[in-house]
Amino acid sequence: MLRLLSLLLLLALPAQAEEEIILGLSQNEIDITATFVGSEILLFGAIRRDAPVPEGNLGIIVTVAGPEIPVTVRRKERRFGIWVNVDDVEIAAAPSFYAVASSADLSKVLRPSEDLINRITIPQVVRHVGTNVLDSQSFARALMRIRAENDQYQLLEGAVAISRDTLFQTRIQMPANLTEGFYVAKIFLTRDGNVVDEYETSIPVKKVGMERWLYNLAHENAFLYGLMSLAIAIAAGWSASAVFGLFRR
Amino acid sequence: MQIYLPIAEVSVNAFLLLGLGGIVGVLSGMFGVGGGFLMTPLLFFIGIPPAVAVATEANQIVASSFSGVLAHLKRKTVDLRMGTVLLIGGLVGAALGVIVFNYLRSLGQVDLLVKLCYVVFLGIIGGLMFIESWNAIRKSKTSGGRPTRRKHTWLHNLPFKMKFRVSGLYISVIPPLIVGVLVGILAAIMGVGGGFIMVPAMIYLLGMPTKVVVGTSLFQIIFVTAFTTMLHATTNFTVDIVLAVLLLVGGVIGAQIGTRIGVKMKAEQLRIWLAVMVLVVCFKLGLDLLIEPIELYSLGEGGH
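Each protein sequence line maps, in turn, to chains A and B. Going by numbering that gives the first Met the number 0, the residue at position 99 of the first sequence is 98; the numbering climbs one at a time, nothing skipped. Going by numbering that gives the first Met the number 0, the residue at position 187 of the second sequence is 186; the numbering climbs one at a time, nothing skipped.
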């Protein structure tokens, strides 16, 4: 049914590439250093046209998605007077970070059918599987609510600025607790809520310097890393004792 | 100042961690507890993933106990002989505890069990210790502070007697070994050094003088937590060295201060404050289980 719908829509669309997105990024990669406190990326670009400006209401939607990681959502219930985890639902894939920015309210620039096909809004990207629980929907909603509170999921309606129907730009604030991996930025150009062009690029997010070195050591030379941690602990304990010993004399 | 932790993968305030380490370090030096039962929940609260918090905490306890033991060694308030006997029992217990822990994990609900363990043991130990030291303080006020002579019980008739000169005891090695094993089991299940169980056990079960108990407890905690740190580092890769350094810088300084405060305090006062602290943590954990949480849902790593 979905495929049929998308096929019909594709056929219904006017000739492709009448309008095309060109994109620039303020930074090609995000480095996580020891003092990393999050990062703001600026996405800017232009709409290239070979023909006169087509009819229809123009809209730009920008999404940035972190690596997809399975998540277990647990729900507490009261049993024998205490609150314990009872049900859990496995969310097969949910991006660790997701931001949607649009040039106007999403309801004005994106049709629900287009959202289904292109998987743009947050509920569309959090895929959940039916399990032993009847209301698995509420588990998916809980995931979105918890992540939205931590700024991991952001809905930024009206955050994309369009000037003279050609240039656009938006800023997306990435929080400090980023997961390493490739972040996918997508830009959708819509006319009357229908997607006419799409552009995709990826931004690598990785640890560098000391952070990288320690992370690699911990995973590749775990025994050595453990001994190093202990050595530091003993040295710190001893030096504090020695320093305080001097004070007493 | 914000610092990004490479293993925990979160950004935290460095001064907050230094401060937390310091406060827990003071308590650790005063009472001879590692402080894990206080620090681990605090780390959860500031957003460190639980697995990383538990593992890194073990490493930090090594540092603060080592610092505390050195201070106690100078005062000759460590019974090395008793400490070694307890340690042998403790390591055996820890190994048994890991087996029990893995079995419980295979049944699920291990989190709940750990929490219930905390509430029950903290409640019993804190309550008993509070009543006992309260009575001791009242008695010392009315009758000039003469301690009652310890009674001769069946414990003193067991074989394999050993002289523990620093503690002033001549008892069988069997009770300290059993205490060591039991504390080791609990410590492994609850993910802490076990000082808060060990200290009262040494005072009330073995009849050791309070002044010696703190140093001796710290002595054996060093080895148990060092063992735990290595275990976590090599199997789960969850020891965050940056987090550990931040915590232990505050912790070792705090432990030195705490030891000095502890020496100046009266034994009964020391015990009553430890009892109060244990009861507060117990009360808080108990409330969490009883009161309806604001957010019923929680996120965990995928894959069962």
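What the hints contain is simulated information worked out from the structure, not anything from laboratory work. Treat the hints with care, as some may be off.
[Stated by the list, open to error] Here are the simulated EDC-like pairs of lysine to aspartate or glutamate, each with C-alpha atoms no more than 20 Å apart in a straight line:
#, chain 1, residue 1, chain 2, residue 2
1, A, Lys205, A, Asp191
2, B, Lys114, B, Glu8
3, A, Lys75, B, Glu291
4, A, Lys75, B, Glu8
5, B, Lys138, B, Glu267
6, A, Lys205, B, Glu8
7, B, Lys114, A, Asp196
8, A, Lys107, A, Asp164
9, A, Lys185, A, Glu199
10, A, Lys185, A, Glu19
11, B, Lys114, A, Glu199
12, B, Lys114, B, Glu267
13, A, Lys75, B, Glu294
14, A, Lys75, A, Asp86
15, A, Lys185, A, Asp86
[As the list claims (entries may be wrong)] To list a few chain B residues with every Cβ distance to chain A over 12 Å, as calculated:
#, residue
16, Phe44
17, Gly122
18, Ile123
19, Ala135
20, Ile240
21, Leu289
Being a predicted model, the structure only gives us computed values, none of them experimental. In this text, a Cβ means the ideal position worked out from N, Cα and C, and glycines have one as well.
Hints and how they fare:
no.	hint	result
1	A:Lys205 - A:Asp191	38 Å, violated
2	B:Lys114 - B:Glu8	25 Å, violated
3	A:Lys75 - B:Glu291	9 Å, holds
4	A:Lys75 - B:Glu8	26 Å, violated
5	B:Lys138 - B:Glu267	11 Å, holds
6	A:Lys205 - B:Glu8	11 Å, holds
7	B:Lys114 - A:Asp196	54 Å, violated
8	A:Lys107 - A:Asp164	16 Å, holds
9	A:Lys185 - A:Glu199	4 Å, holds
10	A:Lys185 - A:Glu19	13 Å, holds
11	B:Lys114 - A:Glu199	47 Å, violated
12	B:Lys114 - B:Glu267	29 Å, violated
13	A:Lys75 - B:Glu294	9 Å, holds
14	A:Lys75 - A:Asp86	7 Å, holds
15	A:Lys185 - A:Asp86	35 Å, violated
16	Phe44	15 Å, holds
17	Gly122	14 Å, holds
18	Ile123	18 Å, holds
19	Ala135	30 Å, holds
20	Ile240	5 Å, violated
21	Leu289	6 Å, violated
In this structure, the hints that do not hold are numbers 1, 2, 4, 7, 11, 12, 15, 20, 21, in rising order.
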